[in-house]
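Student: Take a look at the letters that make up each chain.
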Amino acid sequence: MRASTLIHTAQIQPSPIPPTMSQRTTNRRNRSDRSFRQHLALAPRGLAVAALATVCALAGCGDSATPEPSNARVAPHGPSSPNSGAADANTSRASGAAPVAGTAQADAAGDLVDEARERGLDYFNRSGEPEKRTILEANGAGVAALDLGRDGDLDLVFTQGLATLAQAVTGPGADVEVFVNDGNGRFTRAQGPGLSGWWTGIAAGDVDSDGDEDVVVGGFGGLRVLLQDEHGELELGADLLADAPLERLEPGAPREKGHPPRWTSSLALYDGDRDGKLDLYVGNYLELDPVAPTIGKVGEGAVALPCRWKGYDVYCGPHGLVPQKDRLYRGVGDGRFEEITDRAYPTQVPGYTLGVIAFDADQDGDDDLYVANDSVPNNLLVNDGTGKFSDMALAAGVALSQDGAPQAGMGLAFGDVDRNGEFDLAVTNFSGEPTELYLAAERGFARITYKIGLAKATKPLLSWGTHLVDFDGDGRLELFTANGHVYPQADLEGTGTSYGQAATAWRLELGTKLVALEPKSERSLFAPKLGARGSAIGDFDGDLAPDLVLVRIDGPVALGMNRFAPAANRLALRCLGPDARETNPGGGRERTPVDGHGTRVIVVPKTAAGGEHALIAEQVTAQSYQSASAPWLYFGLGTSTEYESIRVLWPSGRVETLPAGQANRALTIREGRGVVAEVARR
Amino acid sequence: MKRCKLLALAVGALAPLDVAAARAPGSEPVSRTVQEHGGAPRASSESPTDATPTRERAVELLREDLELDRPRDALARGAAWVASGGAFAGDGAFAGGGAFANDGEIVALVARALTATGEDARARKLVDGAQASEATRGWLDVERARQALERDELEEAANALAGNPVKHPALAECWLVRARALARLGKAVEAAPLFQKFLELAPLSPDGPAACHQLAQAALASGKQDDAARWFARANELGTWHGFYRARRIQIREAPDDPLPRLGLAQLLLEAREYARAERVLDELVARHADFANGWFHLGEARRKQRDLAGARAAYDRALSVDATLAFARFNRGVIARMEGRDADARSDFERIVASDAGNDSRLVNAHLELARLLARAGDAAAATARYARYTELGGKEPLAEPRR
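Chains as they are written, first to last, in my numbering: chain A, 1 to 682; chain B, 1 to 405.
FYI, nobody ran anything at the bench for these hints, they're computed from the structure.
Glycine is no exception: its CB is placed at the ideal position from the N, C-alpha and C atoms.
Hints may be right or wrong, so weigh each one.
[Said to hold, decoys possible] Computed list of lysine-lysine pairs in DSS-like fashion (alpha-carbon distance at most 25 Å, straight line):
| # | chain 1 | residue 1 | chain 2 | residue 2 |
| --- | --- | --- | --- | --- |
| 1 | A | 297 | A | 257 |
| 2 | B | 125 | A | 459 |
| 3 | A | 513 | A | 459 |
| 4 | B | 167 | B | 187 |
| 5 | A | 459 | B | 187 |
| 6 | A | 456 | A | 529 |
| 7 | A | 459 | A | 529 |
| 8 | B | 125 | A | 456 |
| 9 | A | 513 | A | 456 |
| 10 | A | 388 | A | 325 |
| 11 | B | 187 | B | 224 |
| 12 | B | 187 | A | 456 |
| 13 | A | 297 | A | 325 |
| 14 | A | 459 | A | 520 |
| 15 | A | 513 | B | 187 |
[To be verified] Label-pair distances were calculated between CB atoms; the ranges are:
| # | chain 1 | residue 1 | chain 2 | residue 2 | range |
| --- | --- | --- | --- | --- | --- |
| 16 | A | 516 | B | 170 | 38 to 44 Å |
| 17 | A | 347 | B | 399 | 41 to 47 Å |
| 18 | A | 641 | B | 187 | 40 to 46 Å |
| 19 | B | 363 | A | 493 | 48 to 54 Å |
| 20 | A | 292 | B | 361 | 34 to 40 Å |
| 21 | A | 242 | B | 360 | 47 to 53 Å |
| 22 | B | 129 | A | 300 | 44 to 50 Å |
| 23 | B | 363 | A | 339 | 42 to 48 Å |
| 24 | A | 349 | B | 155 | 36 to 42 Å |
| 25 | A | 292 | B | 291 | 32 to 38 Å |
[As the list claims (entries may be wrong)] If we take Cβ atoms under 8 Å as the criterion, some of the chain A residues that face chain B in the derived model are:
| # | residue |
| --- | --- |
| 26 | 302 |
| 27 | 303 |
| 28 | 305 |
| 29 | 306 |
| 30 | 311 |
| 31 | 395 |
| 32 | 402 |
| 33 | 403 |
| 34 | 404 |
| 35 | 446 |
| 36 | 451 |
Bound-form chain B, shown alone (with noise of 0.2 Å):
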């Protein structure tokens, strides 16, 4: 059973999904900063009454809980980090001084976690009250503007964030909370460049399909029905990888201990090329499940992406260690080598491959071709013309001269 559904997830990542490429029509392609969403979404197997973590992992355990319907552990977790006394006298669960009382970022996310359990007056409370550092003063304006549009208060959002265009333009979620609220204004068009900004610099973020979404209806207000239906296709492409992103993060706190909800979380974080994440989910899987060879396999794809191709080796041949019948994991390793000139030891890795089972598999038959290359360059043109005949009845259509490199 693990095996088959191992598979499957193995073959998906083979098929990388351009994730990061919310620009759509009409945009440039920009860098992702992943301001919101950024850092390893490590198992949050810690209980919301563990150690005070960094800032860092704070705001990663809290957006997490909130994305995944927990906003009680949001609270468990976060009501005593921001706790300020002053602003919560009385109030048991905010007393006393926390570790980040001063930090914008956090007290917005307990606020919305209030929020979300029903508790709007106490997140008002809890916002209005707020000493933030200079820093981080901003998600406190948009939590404002966030909780007035939870009360259906249009104008006071649009206008609380309102600037050149907006007032934290750093903060893709001052972007997104201003553009909603145009929106259900009924200024969708207004709204549209707002959104588009916001997806450039979180193209991550779980609003995105609902950014989208308002940039394809934007578009059918102004008439432009092919920007429209690629929006429509966007958000649902976004859509249903974010379904499975939250899916395989609730099966990693329900099921810590198992390897196949991280190695699905890891290639949803290839796919969308976060391949810096990826490695982190990937390490932390590794060093849980040291005999895991997928997980090698893949984490030396997280570093080959990265053109860390060392680490990448090093992680192949543990995964070959581990299971020496893994061809992805051998093909790779053998291609690094051929690029690092180890000719031999790449060679070593496509004979096995094509003489194995996996040599009649169409996804390795660039094996074949990678082979019958070797063999040219080493000058044994029959071998390297049997090989590369075996490649073209696999239905190989590269030429067997090496391109220009």
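The following block holds chain A by itself, in its conformation from the complex (with noise of 0.2 Å):
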């Protein structure tokens, strides 16, 4: 969020120009991936349609230079075979099922048609009370799509703030919402985990190495680890505050003013030192004391600044407050976790984190980090391959914007926008501020957000939750972002914007203006003003389209179920790392984890001359804002019924290449063993 009014400008550090982004690449990348990384320098940038040679180096087709590590296994079974590796337990079932009798599709065609109620979720969020006196209760809750009870479906794990401050001293405190897939597309509330405090972020992956998918969530003073038992159900792990105790907040325990918890927005699990391990950034936000809070000015005396935009009185921050370093967490690999901040990230200047993903920025095989902080520059973190991080935002021209001012940072999301095999940002700020878009270039990114109209579309907005996403099935990412004012007073006279905001998605059209997705009817996601926070994505109904969980603020959540394009061919996958007690396939230092966080995939689909093109992801789980998605890849074919090939990097190094395929199927591939589950589109 913005300040209403400033102290002073943020201290941009001028931190020594780095090497190029792509001459460091050439220095680190490892060897499996070289020639691939060399054809994406090579090839035409901005082109819509890949040259097929690149297509072909890209995915191994024909005479790829791309040479297949000596230990490299092509999968054993084509995709016409039957399930012929050994079913895994937790991917024998689609990820999803059935649509809900009753629902109606026909009429909510090329939209996302919000089916929560019928589908028995009714999460509720509270946020504070409805005048926002505290930028704590602008700041919403997020979501966690994810497989609890290893049953193929997809599940959902709400983060859940209180109905005022006062309570989060006072207490009860709010449990994070847990809501169970049927496996037919309706959802039943379970019980939680037994939390108490004010949540706020959360992350999945398989902390523990077990093959499930845990939980990390953070809130106002909470950071916890939840592991997933053999039931499905989340229990409580490691307290990753139990050696900060006055940085936590317990509710109903006594508290004096002036110590402010430790408040976490965004995390991500990640894998900083490609030991299989997943690691934790913890994205922090600012000192805000629930006992004496900083109401109407920040400062004292004549020097004091009155909180306040465009001329009404609003809560105050972020500026006039303190911000909170993140933290950095090496996994052990069975749910604990030790900080590691100070030795991985020693530079660190603290911002006010609201964002944060961990995907490899400059393709050369590690995770790197992108941070969003609210009003002072954005971080880009590069990994230098041993899980130490160097920021490199301002020269790669991601820190600021196209003025060199700071933006107020919400969420983040990444893909090939422009199929060009990098990944390319998407960035959401304050109303005031465009949602930014930043292509992949020669030299860090380049910005298209002026370009294309996207400038315009979101200047009145003020949004959060953002993905890179394929909805309606082309082979081309949409833009979508959740979106909702901080402050009440927006619906006053003469702010140019509103409080509630609906939800909005675009085609990018890259060599013209954007188009935005309208919605179709009143049950669209797209239709109700109401403000927003965090979104997920994820397949809950089986027809392997990317359908999305919003998070509203002070509201009921959306389930927005995707019916664009029905037609549309389509392929999800998911790429999971050997076993914990495996030998490692890919042989050397580097180790895939065991959820396959940070596996890139390459989708060649079969087109006409003329037509070739790739598709490229990394499976990630942190996007959006406080939120995580599925683990799951989506692509869409468009027309094409088959795929030329399917390769995939993993991050152990390996690289292995899947044959040519027929789409419309969702496909679970192991590291070294190929396909291990298949089902097909419902």
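Quick one: dock chain against chain with the hints and give me the complex.
Tutor: In structure tokens, the structure reads:
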């Protein structure tokens, strides 16, 4: 969120200009994906359709210049073969089920239809009082889409706040809220793990390497690991604030003023040192004393500044309040973590972090991190390969606005928008600031926000969760943003914006202006002008089309079922690393995490001559804002009923290629074993 | 509390910030025109509904409203000024004939306020319907281009201000808006000289940090990493200055009768070497607070920097009449007296400083040197040597002998 007033502008640390990202990449690229990267680097940028030679190089068709590692094996069976691999228990069913009886599809073609109520999803967010007198009350909650119980469908875990800030002190606190999919796409509320607090951000992944997904949940004075047990229930794991009692907030426990709790916003699981054990980045926001919150003004006496926005009195922050340092933890692999903040990110300047994603920004095979900060420059933390990060955002062109001003970074997404084989970035911001879209360039990233009309479309919006996702299955990514202003005063005269804002999505026509996806009915997720914060992607009904869960603030959740282009061909992929007890099939020091985090996949649809292209995606869960999406990759193949190849670049360094096959299936691929589960589209 | 804050502010004033030097690397120093932001940033305590001010004051008020994110205030005061009847027939806010209806710059600023409140269509209508004088018509072209930028119509914006190299070279904002359009089109290198020219014309513009940032990006694109680092640093420095500048003006609006925000504002202007503007702020400050010694001292500083020694001396006198312990004022008054050949007056001031606690303040170490030289000039070699010894004890490095003037 943007400050209503400034004490002083953010200090942009004039860091030394690092070598170009491409130089670094060249120096550090591992052997297995070297030519992959080289082909990308040599390929013409911005082409709508990649050249055939590049496509083949990407995916290994024909005379690929990409050698397989000596220990790489082609998957044991082709796409048309049955489930010849040993089907894993947790992938024995597709990631959803048939639509609930009675839900209409015909009247909602080309839309995300909100079916939360029909499907039993009755989560209702609480985020303080309507007046929003403190900044905590404006930030809302998030959601994780993950498989609880290893039954192959996607369940949901929501964070939850409280009705008032005072209740965070007096109690009772809130638990996270769990909804279990019955396999038919209908949700039932389940018992929570028994937390008590004000919960905000959530991350999902297999942190104890036992083959199922776990959760790390952060909040206002809480940071807790929740491990999935054999019954699919979340049980309390490590308390990551156990050694910081003054930073913990236990509702109902005596508390004096002067001890602002640690306030976590978004979290991301990543594997910094490629040891196959998930590490944890914890984005923290700012210091707010729940006993004596800053209200009305920041500072004292004549040098105080009123908390005001466009002439209206509003809550204070972030400027004028103290930013909190983000924390990095090394995963031990059994659900425990040890803090490595100063070692892994020694040059950190605390910002007001709201969003974080982990992905391979420079395509050198390891996880980098992109951190969205509120009203101070964003960080692009480039991994040196050992899990030590340095910020290159300024040099990469993703720290500041086009005009060099810090923006109020909220949510983050990445994906290959221009289909050139490199990941592009989306960042949501405050009203008056555009949602930014950056394309990977020869050096860092190039902003195309203004060229495609995204600035005009998004400046009236204050946006949070975001996704680059192919809703309509045409092989091109759409941009989704969850919107809603922080100040109720936005509805007053002359603000140029509004408090409640409808969710938005656009088709990204790079050669021209973007095209908004309009709501087709009142039931559209894009119709209600309500505030929203977190969001997550997943296929909840087994049609392989990505659906979207939208966490509204002070309101009911929306479950946007994908009713775009039912005739489009699709492919859903889930990648898994080797079992923790197995020998590393990659053979080297690097190992793929059990849940496959960080695996990149390149799919080449089978197309007519002239239509060749490749689609690349990376399997991560941390996207959007305070949320975790399903660990599935959803590819749109358009009119292609088959694909030429699937190339899998495992974090271990191993590269595997699956031969041509039929679309419209959900495939689970395990490193070294090929396709181990396959379910047809419903 | 106020004393502590005051001290912090006063110390800040001793370290000039070369904000005006938005010329590195590679550009020539230019005279600083303040066409966009000229005039004293007087306390904007006037109500938006006060009587029509002078044109200069109107521009100043509107700009400050916009810079402080108060577009509704800008509209409240500006709508009547630019009312033209015909162009806004039926639009109550713009009915009748306004005092500045033919002033392109004021019309443009009111239009910008409309844009900031989400009234894009009315903003366009206002600009398109304005009958601006020949001398101010360029502002409307610039505003039209700015509106095109708001609509992401980048080519339209760039072309609207194209010239040799821009359509209205006397208007700093013309360079800025065309440069922005080019940069957004991905033509960073082409935009760079335009940004540079903008910085030359309006070094204290709130858009200065943005221009520096764009120049850094252009330098990066050209592989000039050292230049890029310098421009990034410059953007940071200028941005920090503007952050404080903005904060002080907000504080003045909030507490117009408190002297500290005005003093802080004046110090920022002194740091930026905007001495005349600082003097105007300080004149207003001491008019409101005649017993505020630090206000008089800084007024003396602003005058001294403009080589108005008599005016400076008068201000130091007033400062010391209010607070005789204000050693900085006494020292500077002594320096002026010495420069004017009034050695006895100078010696009196320096002797009083070195005899007080201020005599141990390393920031006033030159009081010992000045006194030593006066003593030497008066033939008291022993006293001069002793005083010079104290000077060196406190870290002084200058020789006792006076430099040739």
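Student: Where does the structure disagree with the numbered hints, that is, which hint numbers, in rising order?
Tutor: none
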